[in-house]
Amino acid sequence: MLRKSQKFASLLVLLAAVGLATSSIASGHGDEKHDNSRVPLPKHSITKGDKCVEPTEVMRKSHMEFILHHRDKTVHQGIRTKQHSLKNCVNCHADPETKSVLGKDGFCESCHTYAAVSIDCFSCHTDKANASKQTMRPIDAIGQKVIAITGGEK
Amino acid sequence: MSVSRRDFMAMGAAATAGAAIAPGIRLIELAQAKSPEEAVTAAQRWGLLIDTNKCNKGCTSCVDACHTENGIDHEQLKGSDATKPQWIRKVEVKDPNTGYEHSLPVMCQHCQEPPCVDVCPTGASFKRADGIVLVDRHICIGCRYCMMACPYKARSFEHEDITGQKEYAPRGKGTVESCTMCVHKVDRGDGTTACAEACAKEGHNAILFGDLNDPKSEIAQTVRSKATRRIREDLNLDNSVRYIGI
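Heads up: the sequence lines are chains D and H, in that order. Count the first sequence with my numbering and you get residues 146 to 299, in order. Count the second sequence with my numbering and you get residues 6 to 251, in order.
Certain hints may be false.
The calculated label-pair distances, taken between Cβ atoms and stated as ranges, are [to be verified]: (1) E106(H) with V198(D): 52 to 62 Å; (2) G128(H) with I264(D): 43 to 53 Å; (3) R183(D) with I146(H): 37 to 47 Å; (4) R234(H) with T192(D): 55 to 65 Å; (5) P185(D) with P126(H): 28 to 38 Å; (6) A205(H) with N233(D): 29 to 39 Å.
Here are the simulated DSSO-like cross-link-like pairs (lysine-lysine), alpha carbons at most 27 Å apart as the crow flies [stated by the list, open to error]: (7) K59(H) with K206(H); (8) K83(H) with K273(D); (9) K171(H) with K232(D).
Just so you know, the hints here were simulated from the structure itself, not pulled from any lab data. Positions of the beta carbon are idealized from the N, C-alpha and C atoms, including for glycine.
Using the sequences and the hints, build the whole thing.
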C-alpha cells in the first residue's frame with residue numbers, strides 16, 4: 146500500500162513521461178528535417194502537377210474540412226466543381242502503379258496510418274483514379290458551336 | 006446539412022429573376038447550360054414517363070443498364086437474393102378479369118411529398134431542389150425507416166462490403182440506397198438516364214426522361230396530351246415518375 150506522498154510522486158513522474166513523449170512526437174510530426182528520427186515518416190511520391198489546389202501547409206492541416214464542405218454542396222445542391230472534390234484528389238494523388246490512394250505507400254493511407262487516423266471515405270468512394278472512363282460530358286449543341294468557331298483549340 | 010437560409014433566399018431570387026426577365030425560353034437555356042458551380046434550383050423538376058405498352062415482358066435492359074452505370078454487382082454479394090440491392094426492377098402484372106398481362110419497370114418514384122424524407126431521423130433522406138429524392142450516405146445511419154415508409158419498395162439496404170464502385174456513384178455497407186435518377190448524368194447535362202438510354206437502344210423507347218417544368222420538353226408535352234397515371238395515386242405523394250397504360 147502506497148502512502149499519499151508516494152502516490153503523488155509517482156503521478157508526477159507519469160505525467161512528466163507522458164509530456165515528454167507527446168512533445169517528441171509533436172516535434173517530429175510531418176517535418177522533413179527530422180528524417181533521421183526514430184519514428185518512420187510516411188513516404189509518398191507526388192507525380193502529377195506542380196501544385197495542389199491549395200498551399201501544401203493548408204492542405205495538410207485542413208484537407209478534411211475542404212472535402213467535408215464540398216461533399217455537402219455536391220450531394221445537396223448539385224455543385225460539382227473540381228477544386229475540392231474527392232474525385233479530383235484521387236485522380237491526382239493516386240499511385241501511378243496501383244492507381245490507388247490506399248496501400249502501404251498510397252498517398253492517403255501512408256499518412257493516415259502514421260497519424261493513426263482512420264479514413265472513412267473509401268468504404269463508399271472508390272480509391273482508384275479514373276475508375277470509370279466516362280467522366281467527360283458528351284459534346285452538346287453549345288459545344289459543337291464552340292468547336293466550329295475555335296477549331297477545337299482551348 | 007440542409008440548405009442555408011441565405012442560399013435558399015439566393016436560389017429563390019435567382020429563379021424569380023430568371024422567370025421575370027424572359028419567361029420560358031430563358032429558363033430552358035439555363036437548364037441546359039448549368040455550370041458545375043451552380044446549385045440546382047426548383048426551376049427544373051426532373052421526371053420519368055414510362056409507357057408500359059412499349060415495355061417488353063422479359064426484357065431487363067433497363068435493370069442491367071442501371072447496374073452497370075451505378076456499379077451494382079450482384080455476383081460480388083454473398084447474401085440471399087432478397088437482400089441484394091434493387092434500384093429498379095421489372096414488375097409483371099395481370100388483370101385477373103381480362104387476362105391482360107404487362108410488365109413495367111418500378112424504381113424510386115421521386116415523390117414531391119416523400120414519406121422516406123418524413124421519417125428519416127437524421128435528415129439523410131432528402132429531396133433536392135429539382136425534385137430528385139436522394140440519400141446522403143454521409144449522414145445515413147442505416148436505420149431503414151425509409152425502407153419501411155416507402156410504398157414502392159424502392160429502397161435497398163447495403164448489407165455487405167462493396168468494392169469497385171464507380172467514382173460518381175459511391176456506395177457502401179450500412180447505408181440505404183435507391184435510384185438517384187442518374188443524378189450524376191443529370192448534373193453533367195446528359196439529359197437522360199441509364200435506363201432510358203438502354204430502353205431507347207433496345208428500340209422500345211418506353212422510358213422518357215425530362216424536365217416536367219419545361220413546357221417545351223417532350224415529357225411535359227406528352228403528360229399534357231396523354232392520360233398518365235402514377236402508382237398509388239391515392240397516397241397523394243405527387244410522384245415525378247408517371248406511367249401510361251396502367
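To see whether the hints hold, each was checked on the structure:
{"no.": "1", "hint": "E106(H) with V198(D): 52 to 62 Å", "verdict": "holds (56 Å)"}
{"no.": "2", "hint": "G128(H) with I264(D): 43 to 53 Å", "verdict": "violated (24 Å)"}
{"no.": "3", "hint": "R183(D) with I146(H): 37 to 47 Å", "verdict": "holds (42 Å)"}
{"no.": "4", "hint": "R234(H) with T192(D): 55 to 65 Å", "verdict": "holds (56 Å)"}
{"no.": "5", "hint": "P185(D) with P126(H): 28 to 38 Å", "verdict": "violated (44 Å)"}
{"no.": "6", "hint": "A205(H) with N233(D): 29 to 39 Å", "verdict": "holds (32 Å)"}
{"no.": "7", "hint": "K59(H) with K206(H)", "verdict": "holds (13 Å)"}
{"no.": "8", "hint": "K83(H) with K273(D)", "verdict": "holds (23 Å)"}
{"no.": "9", "hint": "K171(H) with K232(D)", "verdict": "holds (10 Å)"}
The structure fails hints 2 and 5 (numbered hints given earlier, in ascending order).
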